[in-house]
Each structure stands twice: as C-alpha cells, then as structure tokens.
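Visitor: The lines below spell out each chain.
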Amino acid sequence: MRVGVGLPSTVPGAEGQLIISWARRADEGPFSSLGVLDRIVYDSYEPLTSLAAAAAVTQRVLLASTIVIGPLYNDTRLAKVAASIDALSGGRLVLGLAVGARKDDYDAAGIDYHTRGKRLAEQLTTLRTLWEEGSISPRAARSRGPDLLVGGASDQGFARVARYADGYVHGGGPPRAFSRAADKARAAWSDAGRPGKPQLWAQGYFALGGDAAAEAGQRYLKDYYAFTGPFAERIAAGILTNPQAIAQFIRGYEEAGCDELVLFPTIADIGQLEQLTTILHGLGRHAPVADALEVQRQ
Amino acid sequence: MKIVILGAGPAGLYCGLLLKKANPSHDITIIERNPADVTYGWGVVFSDRTLASFQRADYKTYEQITNHFVIWDAIDVHYRDETIRCGGHVIASISRKELLNILQRRCAELDITLTFSCEVNDLAELGAYDLLIASDGLNSLVRKMYAPIFKPTIESGKAKYIWLGAQKVLDAFTFIFRENEHGLFQVHAYPFSGNTSTFIVECDEASWLKAGLDKADERASLDYCQELLAADLDGAALLSNNSKWINFPTLKTKTWHQQNMVLLGDAVHTAHFSIGSGTKLAMEDAIALATTLEQYPDLESALNAYELERKPVVEIFQNAAQVSQGYFETIKRYLGLEPMQFTFQLLTRSGRITYDDLRLRDTRFGDAVDRWYTQKFRHVASVVAPPPLFAPLHLRSLTLSNRIVLAANTSTNPAQDGLPVEAYGRQLMHRAQAGAGLVMTELTAVAAEGRITPADPGIYTAEQGAAWTNIVESLHATSNAKIGIQLNHAGRRGSTRPRSEGLDRPLRQGNWPLLSASPLPYTPQSQIPAEMDREAMDQVKADFVRATQLAQTAGFDLLQLNMAHGYLLASFLSPLTNQRSDEYGGDLERRMAYPLEVFDAVRATWPEEKPIVVAISATDCVKGGFAIEDAVMVARTLKTYGCDIIEVQAGQATPDGEPAYGRGFLTALSDQLRNEAGIATLIGGYLTTSNEINTILAAGRADLCIMHTPHLHEQSTSTEEPLAGMRAYITPNSAQQQALTT
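If you read the sequences in order, they're chains A and B.
Residue numbering for the first sequence follows my numbering, starting at 1 and increasing by one per position.
Residue numbering for the second sequence follows my numbering, starting at 1 and increasing by one per position.
The hints are all genuine.
Pairs of lysine-lysine, BS3-like flavour, derived with a Cα cap of 27 Å: (1) B:Lys-151 x A:Lys-103; (2) B:Lys-151 x B:Lys-252; (3) B:Lys-151 x A:Lys-222; (4) B:Lys-252 x A:Lys-103; (5) A:Lys-118 x B:Lys-623.
Which bits of chain A does chain B cover? Going by a derived footprint, with three or more residues having C-beta under 8 Å, they are: (6) 155-168; (7) 183-189; (8) 195-204; (9) 224-237.
If you're looking for bench data, these hints aren't it; they were derived computationally from the structure.
Using N, Cα and C, we set each Cβ at its ideal position, and we do this for glycine too.
Based on the provided sequences and hints, a complete structural model is requested.
Guide: Quick look at the structure:
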C-alpha cells in the first residue's frame with residue numbers, strides 16, 4: 001500500500017505559497033501522491049487548479065482529486081482541464097469524482113442537486129470517450145486518458161465504479177468502514193465481469209505535535225464537517241495525532257486491501273508535513289525507488 | 001441538575017439510579033402512570049454480554065438480578081415431531097415484575113423520588129427541569145408531542161402474535177412449529193422463573209383469520225392455543241395477562257434528543273422479540289446516557305454523544321431483528337427442509353451467526369450438522385464427516401466432488417475470433433488444480449454476433465469445437481474436476497469493447513448488428529438492436545443447438561444457459577426490455593415463451609444423463625422490472641422442463657439496475673428462490689471464505705457456491721503459487737506483500 005499526503009488547500013488560512021512549498025516538499029519525501037478535496041462554499045482553493053500548480057513544482061508524485069464534485073463541472077470543460085493537467089504533469093493525474101453531499105455547493109454553482117447521480121454517470125462516459133477519441137486537446141499522457149476513480153457511499157456509487165471507472169475512493173473513517181466499502185466495490189467489479197480488481201483509494205486526517213495541535217485539528221474537522229450534524233464529532237474523534245495512531249491506521253488500511261492511502265492535514269503549517277515525513281521514515285517508508293508512475297501503471 | 005424521568009419502566013428506573021449513583025447532587029424524580037405493583041408482560045431476556053455490562057454499570061443491581069434470574073445455554077427447536085438442541089447460547093431471563101421490584105428498591109436506596117399512579121397529559125404539568133428523560137414506552141407522550149422534531153416512523157409487522165405465559169418449566173429457549181388445518185403457528189418460549197415460562201404464539205394473518213382468532217376473546221384465544229400446543233404443554237396451563245393478538249410495531253426515530261429532552265428505550269426504538277428483548281436495549285441506552293451525562297460538561301455534547309453511540313448500535317440490532325422478523329413471517333418457505341437443516345436455517349437467520357460460530361458454541365452440534373449433510377449426499381452414516389462444502393453433489397449421472405465452483409474469464413487471455421487460446425485453457429486447468437469441484441468457462445457465444453466483445457470465446461465453428469475439446473481433455477486428464485460451459489447470446493449488449501475499458505462501450509469499428517426482444521438500445525450510446533422476427537428466433541435457437549452439439553463433442557460435463565443480466569434470452573423475460581405485442585411479449589407466461597423454446601431445443605440435444613444450469617437475474621433491481629416472485633415462477637417452470645440448477649444473479653437488465661453490493665449479496669435471493677421453487681441453486685455474490693459457503697450450504701440457501709479468489713494467481717502453473725498468494729494475506733510487511741502479489 002502506498003501513502004500519499006493531502007494539500008492544505010481546504011484548510012482555512014493556507015497561503016498560496018504554503019501550498020506550493022508543500023507540494024514541492026512532498027515530492028521529495030516518502031509520499032506517492034498529493035490529494036485535494038472540493039468545496040465551493042468553504043474557505044478553500046479550487047482543487048484542480050491546486051493540482052495544476054502542484055504539477056509545476058513536482059516530478060514524481062501522483063496528483064489525485066479525492067474527490068472533485070463532478071456534476072458541478074461542464075463535461076467537456078472538465079475533460080479539457082483534466083487532460084491539460086495530465087499533459088502538463090507528464091501523466092500524473094488521477095481524477096477522483098463523486099456527487100458530493102452538500103446542496104450549498106450545487107446552489108452556489110446554479111446546478112440542479114437532485115439529478116446529480118444521473119449527471120455523474122453521463123459525465124463518466126463522456127470523459128472517457130472524449131479523451132480516447134482525442135477530440136479535445138491536449139492529448140493526455142496516455143491515449144485512454146487519466147485514471148478515473150469514483151467515490152461515494154451509496155449503492156449506485158459502487159455500481160458506477162464497476163461500470164465506468166478504474167477504481168473507488170473512500171471518504172474516510174476507521175479501517176473497518178473502509179473494509180466494508182472495499183468489499184462492495186470488489187463485489188460490484190467482479191459482478192460486472194471487469195478483469196483484475198478495482199484500485200482502492202482511501203483517506204484520513206492528521207494533526208501532529210501535541211495537545212494543542214490535536215485540538216486545532218479537531219476544531220477544523222468539526223467546522224469542515226459541521227454540515228453532517230452530530231456526526232462531525234465522530235469524524236473529529238478519528239483524527240490521527242501521534243506516530244502510533246498513524247502506524248495503526250496504515251496497518252489497518254493495508255490489511256483491508258487499500259492501494260493508496262492519502263493523509264490530509266488539518267493545520268495549515270509546513271511543520272505538519274515535516275512531522276508526517278519523519279513518522280513515515282520511522283515506519284520504513286522512504287521515497288520510492290521506482291517513480292510513482294511505474295507503480296501506478298502495474 | 002434537576003432531572004425528571006417520565007416512565008418507571010426498566011429504562012427509566014435504571015437510568016435514574018445510575019445518574020444518582022454517579023452524582024448524588026442530582027435531584028431526580030421518576031413519574032409513572034401505573035401503580036407501583038402493576039405491570040404487564042412476563043419475562044425479559046438478557047445475553048451474557050448484556051449481563052456483563054450490567055455488572056460494570058451497577059454491581060448491586062446486577063447482583064440482585066443474578067439472584068433472581070434463570071440462566072440456561074441452549075436453544076431447542078421442536079419441528080416435525082423432532083427436537084434439536086444447540087448449546088452455547090447463554091441467555092438469562094427474569095420476570096419483568098421482579099426486575100422492576102429490584103430497580104425500584106435500588107432507587108429508593110439512593111433517595112430518588114418515585115411518583116406512581118400519576119398520569120401526565122401535558123409536559124407543562126412537570127414544572128421546571130434541567131433535563132427531561134422520556135422513557136415512557138412505545139406510546140411515549142414526549143415523542144408524540146414533538147413528532148415533527150423527533151421524526152418517528154412505525155412499521156407494522158405482517159404476522160399476528162399474542163404474548164402469553166405458561167405454568168411450565170423449560171430448560172432451553174424453545175421454538176415450536178405446529179401446523180393444523182388453519183395454517184402454521186410458531187411459538188417463542190423461554191423460562192423466566194421457577195415454574196413459569198413466556199409463551200409467545202405467532203402466525204400469519206391468513207392462518208389467524210382462518211382460525212377465527214380475529215373474533216376470539218381472551219379466553220377463546222387461550223383455549224385455542226392450549227389445544228394447538230397440547231403436545232408441547234403436556235398438561236401445563238397457558239396464562240394470559242390481558243393479552244391480545246397484535247402486529248409487532250418496529251419503531252425507528254430520526255432524532256433522539258432535542259434541547260433538554262432525550263428519549264430512550266421503547267420510546268425511541270423497538271425490535272422484534274425473536275432476536276432478544278427491548279428491555280436489554282432500553283437498559284443499555286440507560287447506561288450510555290448516564291455515562292455521557294457524567295463525561296461531558298455540557299448537556300448538548302452529552303446528549304449528542306449518547307445518540308451517536310447508541311443509534312448505530314441499535315440500528316444494526318434493528319436490522320438483524322427485521323431480518324429475523326421477516327424470517328418468521330415467511331417460515332412457510334422452509335417447511336420442506338428436514339429438521340437439522342430447518343434448525344440451522346433458524347439459528348443463522350439474522351446473518352450474524354455463521355457455521356463457524358455455531359461450531360464454536362457447541363461442537364457436538366457442529367459435528368451433527370456435518371454428519372447430517374454428509375449422510376444426505378453420500379448416503380452413508382459416517383462419524384467422520386467433513387464440512388458441507390466437501391459434500392458431493394449428484395446431478396443426473398454427474399457427480400461433483402465438492403460444492404465449490406471456480407470460474408475463469410478470458411480478460412488476460414482474450415479469444416481470437418471466438419477461438420479460446422491455450423493460455424485460457426491453462427487458466428481453467430489451474431482452477432481445477434486449485435481444488436474446485438466444478439470449473440466454469442466464461443460466457444461463450446453461440447454465434448459470432450452473440451459475443452459481447454471481440455475478446456469473447458465462442459462455440460460456433462468446428463475449429464472452436466476442437467480447441468474446446470483439447471481444453472476439456474487436458475482438464476479431465478489432470479484433475480478430478482468437472483467442467484461446464486456457459487452458453488450465451490449477448491443480444492443488445494453485444495458488439496462492445498473489452499471490459500477492461502468499462503461496460504457496454506460500443507466498438508469504434510467492426511460493429512456487428514444486434515438482436516433483442518425489442519428495439520431498445522442498452523445505453524444512449526449503444527446500437528439499436530433489431531426486434532427479433534420468427535426467422536431470427538429460429539436462427540438463434542439453431543445456434544444454441546449447434547453450440548450444444550459442439551459442447552457435447554468437446555466432452556463438457558455440464559451446460560449452462562444464460563438468461564440473466566440483460567443479454568438476449570433475458571431481454572425476453574424482463575418487462576423493461578420486452579415490449580413485444582406478439583405471443584412472445586406481454587404477461588410473464590408469454591415473456592417466458594421464447595427462452596423456454598430455446599431451453600427445450602437445448603435439452604433435447606444435450607444428453608439426458610448430463611445436467612443443465614440456467615442463469616437468471618432473480619430481480620432487475622429496478623421498479624417495475626422483473627421481480628423475485630417472477631423468478632420463482634420461471635424457476636418452477638424451468639424445473640418441469642428439465643432444468644437441474646438455477647444460477648441466481650441480479651440486475652443488469654438495464655444499466656441502472658444494480659443490486660446492493662456487499663459480501664453474499666445474492667444469498668437472500670437464492671434462499672427465497674431455492675426454497676419456494678424447490679430447485680437447486682448455484683450462487684456467487686462475492687463469497688470469499690469457507691465459513692460463508694458452509695453456512696449457506698448447511699442452511700439450504702444454495703447448493704453450489706462460486707468462490708471469489710482474488711489471490712489465485714493467473715499466470716502461474718506451479719503448485720506453490722496459489723499458496724504463496726494466500727500467504728500474502730497474513731504477512732504484515734507491506735514490501736513482502738507487494739513482492740508476493742505483483
């Protein structure tokens with residue numbers, strides 16, 4: 001299992017320069033990918049733009065959206081944006097899409113919330129077709145286009161993974177929650193007669209450095225997930241705040257068959273990246289010898 | 001805090017005493033509308049785990065309960081004049097009256113104000129309080145008054161039940177099943193005191209009406225049950241406590257607290273009695289609420305934490321209870337099972353207890369299950385009996401050596417113009433050597449235009465026939481496995497790209513024309529199929545017959561016809577895809593007509609002594625589509641036509657028709673179809689462990705299981721590789737894991 005790190009692009013107060021340095025430093029470190037999240041109505045940077053910026057200052061790491069709210073984009077536009085990032089980065093984009101959970105994002109974009117599932121299904125078909133046909137430019141690094149992942153917890157989400165995508169991205173939680181979701185994705189994949197297995201991506205949150213950091217991280221998560229009501233407390237309670245917790249989390253996900261685990265920061269401070277890097281080194285994880293592209297292509 | 005608790009049932013009393021114990025400065029009042037010594041109900045049950053949590057919460061209460069309870073560890077099933085016992089299910093029971101006495105005394109000890117015979121009709125009567133705990137039962141005043149906030153929903157069960165007692169000593173939790181001229185009646189019974197037991201009598205509405213119980217008063221109901229259960233009661237008297245026949249209401253509530261009001265126990269949730277007691281849930285709620293109120297400095301956080309902790313746990317319990325409730329509502333389906341299998345079905349009905357669990361709880365029972373299954377299929381009474389998945393299966397003159405089926409698809413070894421390549425044959429052989437009793441090919445086209453993708457294998461030319469012959473011969477020469485071929489015509493899902501690129505994506509060039517029951521494209525991007533006319537139907541039928549002949553020449557042991565997943569034959573069965581106005585469209589009987597014609601032709605060609613499997617989608621998973629009831633009818637009909645096994649699948653008649661995925665997602669469908677149609681079934685459904693498969697087989701939910709084997713290494717021919725792949729699952733080091741699996 002590979003470990004990636006999220007950009008602080010959805011942590012309020014993150015300066016542009018921080019995001020750029022973060023990307024550069026992550027590329028030098030033991031991370032295999034950079035992740036971004038998507039919310040229009042929140043103090044955050046647009047995710048695909050952030051990945052494009054990261055592309056300019058990195059060589060190795062995959063650039064992954066976990067996830068981007070697909071239906072908020074025009075299909076052709078999204079195909080072009082994604083192909084551009086992929087071409088600009090030498091083929092390192094992994095496009096994870098989902099319908100998203102918040103109506104306020106849809107309202108802000110002026111897009112209908114209730115047909116988002118159908119929209120995403122259409123979009124997944126269109127993206128792949130446009131990339132393959134080469135009818136939009138630029139050409140992505142691979143002729144079929146970047147890898148497509150689908151996220152979400154609904155039954156239809158898993159069916160979409162099997163029908164349209166290359167893999168599944170889980171929204172976060174303890175390893176056993178991921179395990180159940182991974183089973184569903186694998187069951188759908190096998191039922192559809194797709195060869196091999198689906199890529200399985202997952203995420204978690206961290207806040208390192210002691211009690212003050214842990215509290216700050218929890219405050220952020222309660223704020224970010226306030227829209228879930230009381231459940232925000234539970235999400236915040238799951239934050240990883242020390243090396244042991246991170247080691248257990250990694251092990252749990254690995255055992256459940258995760259291919260790539262992206263750990264997201266909850267504090268906009270480069271020190272968080274440094275501490276996570278140290279912890280991963282301590283667990284025997286170093287910058288991969290083969291580059292991320294090769295590993296991903298296997 | 002000033003706390004008012006509405007309702008002095010177990011939940012209210014227990015919560016009150018725990019709160020007062022933790023913080024004596026709380027001012028607690030419990031208000032109850034009944035007098036102190038009046039109660040309804042008989043016994044309440046607790047598992048050993050629940051008792052352990054009581055022990056931790058308040059030792060004195062726990063001690064009192066253990067002094068007064070009855071404890072046992074067996075479940076008895078009385079069915080068809082046999083009684084089968086399974087041990088290892090530690091359950092304790094105490095009379096509700098005794099429990100309330102214990103809790104009332106404890107509250108008095110702790111200086112809690114108990115106010116009886118006080119009916120509250122308006123919350124304003126309660127005066128001021130910091131916290132209102134509503135443990136006022138199913139008809140909760142608080143929940144009803146604030147229904148728009150709490151958002152309760154009540155689903156009524158279909159069965160009728162009456163809660164009685166009996167002056168009978170029982171030494172196990174007892175299920176009794178009795179049929180009479182009015183229908184089937186079942187009893188849930190358990191002891192709760194020195195000489196009295198709970199006796200809950202349940203039946204479906206049809207039986208209830210036929211027995212005239214809708215018009216019976218308390219005495220008449222009692223007499224009816226007394227006579228019905230004469231053999232089981234053996235002279236003991238049945239007792240009533242203002243008991244009435246009712247439907248079980250399952251209450252679910254969206255929100256459990258609002259400002260300084262919180263609900264617990266029956267006021268906020270109920271679960272069918274067949275899986276345990278509401279009292280257990282209620283008292284566990286009380287423990288959780290008392291704990292969070294102690295832990296959190298502010299009320300809102302405490303109530304949030306209580307709801308966050310209990311709601312998911314209760315939901316899981318309610319889901320299991322609903323499965324169990326549904327099971328008892330449809331028990332007629334299982335009356336064809338022999339007592340051992342009937343008992344195993346019952347014990348594993350909720351999905352939470354498996355073959356391995358029962359074995360752990362009672363090894364003699366576990367052995368008995370193995371011996372029974374072995375005897376049934378080996379016709380030998382053997383003390384040495386392997387688990388069910390090793391039992392043989394006899395299908396006509398074919399014998400499969402075990403119940404495991406492994407399938408291989410051609411994704412890594414695509415066929416060329418329908419010709420299966422040698423490497424694919426080796427894949428099949430590998431599956432055989434991995435120990436499968438039966439190996440299945442992937443969907444094999446009966447005509448070039450019947451392929452789904454250009455990579456699919458076919459069986460429509462002599463050359464392909466010869467290739468299959470080689471494959472079958474090599475497999476038979478190197479293992480004991482049998483091999484089956486799946487015959488298919490893709491219908492409107494044909495002419496698409498290999499599935500590595502996604503599903504149902506039309507070929508960019510080299511498309512061939514498509515056929516289907518009606519001219520409806522599968523996706524908006526798909527080719528529109530031609531509606532089959534008589535000529536096309538005869539041609540396809542002839543294609544299936546030719547394929548059957550080639551399969552017989554090749555030496556296949558078993559044939560499977562695909563009528564599932566929206567391919568050609570399935571397109572006739574589903575109302576979503578068959579809009580014909582001729583004699584092949586319309587009601588189910590007409591929609592079945594063409595698939596049955598094809599089956600007939602195939603059956604007539606395939607040797608009498610070899611079995612045929614038919615795959616059907618038991619449900620389209622879409623409103624207005626083919627449903628499980630239709631599938632049962634189709635299965636029954638196919639059985640009379642000479643079909644030996646149904647492979648149960650689901651969905652894919654249309655692109656949006658998908659089942660809820662997860663482990664064993666086809667098991668419930670197979671269970672229903674197999675037992676209602678009385679035909680053997682084969683299922684996949686993402687089964688990865690022997691435990692799941694043994695559980696399915698022993699319970700009579702299916703007869704053959706496809707094991708999903710992701711670790712079976714595709715390219716290898718060595719015998720060591722499959723084991724190495726499995727070792728990766730228990731090796732913690734990720735580098736090692738990577739090395740083994742790539």
